[in-house]
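K.L.:
Going down the list, the sequences are from chains L and S.
FYI, in this note's numbering the residues of the first sequence are 1 to 119.
FYI, in this note's numbering the residues of the second sequence are 1 to 214.
Be aware that a few hints might be false.
To list a few chain S residues with every Cβ distance to chain L over 10 Å, as calculated [stated by the list, open to error]:
1. 93
2. 101
3. 143
4. 184
5. 192
6. 202
7. 205
8. 213
Pairs of lysine to any residue, SDA-like flavour, derived with a Cα cap of 20 Å [stated by the list, open to error]:
9. L:104 <-> S:157
10. S:4 <-> L:66
11. S:176 <-> L:66
Honestly, the hints are just simulated from the structure, not real lab data.
Where a beta carbon is used, it is the ideal one built from N, C-alpha and C, also for glycine.
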Amino acid sequence: MYKEKMHEMSIALNMLDIVSEQCRRADCTEIESIHVKIGKASGVLCDALLFAFDAAKQDSIAKNAFLHIEEVPVTGFCSDCDKDFAVEEQYILSCPLCQGTAFKITGGRELDIIDIEAV
Amino acid sequence: MKVKIITKILEANDRIALQNRNIFDENGIFVINLMSAPGAGKTSLLEQTIRKSSGMNIGIIEGDIAGSDDAERIERLDIPVVQINTGGACHLDANMINEVIRDLPLDTLGIVFIENVGNLVCPAEFKVGEDIKVMLLSITEGHDKPLKYPLMFQESSALILNKIDLAPYTDVDIEKIKKDSLSLNPALRIFEISCRTGQGIQNWVDWLKRLPQK
Chain L
1 MYKEKMHEMS IALNMLDIVS EQCRRADCTE IESIHVKIGK ASGVLCDALL FAFDAAKQDS
61 IAKNAFLHIE EVPVTGFCSD CDKDFAVEEQ YILSCPLCQG TAFKITGGRE LDIIDIEAV
Chain S
1 MKVKIITKIL EANDRIALQN RNIFDENGIF VINLMSAPGA GKTSLLEQTI RKSSGMNIGI
61 IEGDIAGSDD AERIERLDIP VVQINTGGAC HLDANMINEV IRDLPLDTLG IVFIENVGNL
121 VCPAEFKVGE DIKVMLLSIT EGHDKPLKYP LMFQESSALI LNKIDLAPYT DVDIEKIKKD
181 SLSLNPALRI FEISCRTGQG IQNWVDWLKR LPQK
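Construct all of the structure, not just a fragment, from the sequences and the given hints.
P.N.:
This is the structure in structure tokens:
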């Protein structure tokens, strides 16, 4: 199905399929902007996604669309210290607050399309 | 105007993966998505597994960027195998599996290995319809890999450390690999094997035999 070398290109093409379909369903003919949330631990590099999207959008109804990427930090909840936390890293081995290990990761794996502006 | 979407970008892939999973489930087949870097020994592991697998009905889907060398190696062992060439893509996706799933004799199989394209990054992102992911790491790749490629280790149910026979000739810290992997994924089952000497293969096969399959 897909013949590209970067997995960000697969992601960009999947994204383009979804937004194009939604644009048509809303009886619009052009997408002006796309708002996505990309988790820091999602395995997707935002720069590579932007690059892939710019290549993929040519000749589509999103050809002039601006891709707004909201990067989502890795967040978690630690039941040792009973607190929520957010970290800069892609992964953690212990709670950054109390160094306990009884934590659950609650965010940072997102690869979501939030909305589009279309006319 | 603003059009609310709120959908996962990989929603289409995940949906097809679920269809694949249903087809496998209907046939009582347990599916393992086998992932590693290039050259870690995925095909060698499958060959060794097949040799010790009496009583198991194995089928294999081979994913490679190009070529059919791996499928030919498996075919020589009289095991049903299908080759997928991704033509450049660095991972298998659910649709690629969907296209070949019926080429396997599903009613005769109990377990299917999907040998993913050699890569430590994106195969972990794309579900293909598997029950579990298993990761193979050859110890010569170095003890820094769990912390460099955390997603792969977090997503896998089992980690197989291959080329363990080379340990005396390297400076690799195997205990660190195990410790870091378990920190990322406390439920990870770890096997130490050598496809060349056969060391540890039986433990792995015994574990496979306990997985639900017809």
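K.L.:
All hints, please: hold or fail.
P.N.:
Checked hints:
no. : hint            : verdict
1   : 93              : 7 Å, violated
2   : 101             : 14 Å, holds
3   : 143             : 15 Å, holds
4   : 184             : 6 Å, violated
5   : 192             : 22 Å, holds
6   : 202             : 32 Å, holds
7   : 205             : 31 Å, holds
8   : 213             : 29 Å, holds
9   : L:104 <-> S:157 : 18 Å, holds
10  : S:4 <-> L:66    : 16 Å, holds
11  : S:176 <-> L:66  : 44 Å, violated
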